[in-house]
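Colleague: Residues per chain, in single letters:
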Amino acid sequence: MPFSRYVEVGRVVLVNYGPETGKLATIIDIVDQNKCLIDGPEEITGVSRQVIPFTRIALTDFTVKIQRNARTKTLKKAWEEADTMNKWEASSWAKKLSAKKKRASLSDFGRFKAMVARKQKSEIISKKMTELGA
Amino acid sequence: MTVSGIMKQFQVVGRKAPTDAVPNPEAYRMIIFAPNAVIAKSKFWYYMHQFRKMKKTTGEILDVVEIVEKNNRIVKNYGIWLRYSSRSGTHNMYREFRDVSLTGAVSQLFDEMAGRHRTRPRSIQIIRTATVATKDLKRVNGMQFAKANVKFPLPHRVASAKRGQKALSSRTFTTVRPTTFFG
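Line order of the protein sequences matches chains A and B. In this text, residue positions in the first sequence follow our numbering: the first is 119, and each later residue adds one. In this text, residue positions in the second sequence follow our numbering: the first is 1228, and each later residue adds one.
Note that these hints are calculated values from the structure, not bench results. These numbers come from a predicted model, not from an experiment. The C-beta atom is built at its ideal place from N, Cα and C for all residues, glycine as well. Any given hint could be a false lead.
[To be verified] To spell it out: a stretch of chain B is covered by chain A in this simulated footprint if at least three of its residues, at any positions, have a beta carbon under 8 angstroms from a beta carbon of chain A; those stretches are:
id, stretch
1, 1282-1296
2, 1370-1382
[Said to hold, decoys possible] To be clear about the criterion: a stretch of chain A counts as covered by chain B if any three or more of its residues have a C-beta under 8 angstroms from a C-beta of chain B, and this derived list gives those stretches:
id, stretch
3, 123-133
4, 175-186
5, 240-249
[As the list claims (entries may be wrong)] Dumping the calculated DSS-like pairs for lysine-lysine here, alpha-carbon to alpha-carbon at most 30 angstroms:
id, chain 1, residue 1, chain 2, residue 2
6, A, Lys191, B, Lys1362
7, B, Lys1378, A, Lys194
8, A, Lys194, B, Lys1280
9, A, Lys191, B, Lys1297
10, A, Lys194, A, Lys231
11, A, Lys205, B, Lys1378
12, A, Lys194, A, Lys213
13, B, Lys1243, B, Lys1280
14, B, Lys1378, A, Lys213
15, A, Lys231, A, Lys183
16, B, Lys1280, A, Lys214
17, B, Lys1374, A, Lys141
18, B, Lys1243, A, Lys191
19, B, Lys1374, B, Lys1297
20, A, Lys195, B, Lys1297
21, B, Lys1243, A, Lys141
22, A, Lys239, A, Lys220
23, A, Lys195, A, Lys183
24, A, Lys141, A, Lys183
25, B, Lys1362, A, Lys141
26, A, Lys195, B, Lys1243
27, A, Lys183, B, Lys1378
28, B, Lys1374, A, Lys194
29, A, Lys231, A, Lys245
30, A, Lys231, A, Lys219
31, A, Lys183, B, Lys1362
32, A, Lys183, B, Lys1235
33, B, Lys1362, B, Lys1270
34, A, Lys195, B, Lys1374
35, A, Lys183, B, Lys1374
36, A, Lys191, B, Lys1378
Can you make the complete structure from the sequences, with help from the hints?
Modeller: Structure representation (structure tokens):
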């Protein structure tokens, strides 16, 4: 399978290690074979401008149209124009992440309730399936 | 000199101690890269006594200030001229680095000299530094990331267990091969 996600100016990335874990950012410039300069923009994603190694980021499918070394203001505008945050929220990757987060925040009783609800759901489905003669 | 973490840039001003014969000796200013102000002052005397007949015991430091780079929001190309002593002799060298600050580039230099030439920080002397425009870069292969429209994939990503990948769990053995292709 060919590559579809590239390290390039404007690529939206997910930080997966360090203090900014779980936040989105944009590649502003490439420093060398190991590092790149990223910027949230901070107002939208909470990541300030910084140099980060490639090992700490995951590339996403999204890009925004910006110039190399774009200002935070231009970047924010590009994000709003491309509606990147909503596109990300709609992606299955983001959904999985938020589901994981939600599950981790549940108490034991909460997890029990989730288990019961899942059982009920599958019961309804199987009932319907037999009704349909499948 | 030892190096720990990021190097700092200091401006050190010093002169010979004033005497009755010479009440107002000439002051000299030097830009020095060092981890702290104490080492910067020491380095000042080391370099100064090679240029002028001056030394610490008969001189005085007038001022030491750290120079902090304001513009660290874009990546620049830095050229560094240096002199270092290897196991067999002294060499001059020119190297280029990309970083957001000069101190970052100098730190990279010390790391790379240690890695490539086994050179310790004490045997490196930085002669001159400059920011270099992309068209004037000399080390083309090392500086290919300075070109416009750089684009490359991240192939074969081996995640460490710290990155929380399922296949590489905290257990020693696993039956699942790790995913290394992330598109």
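Colleague: Of the numbered hints stated previously, which ones are contradicted by the structure, given in increasing order?
Modeller: 1, 5, 8, 10, 15, 16, 18, 21, 25, 26, 32, 33
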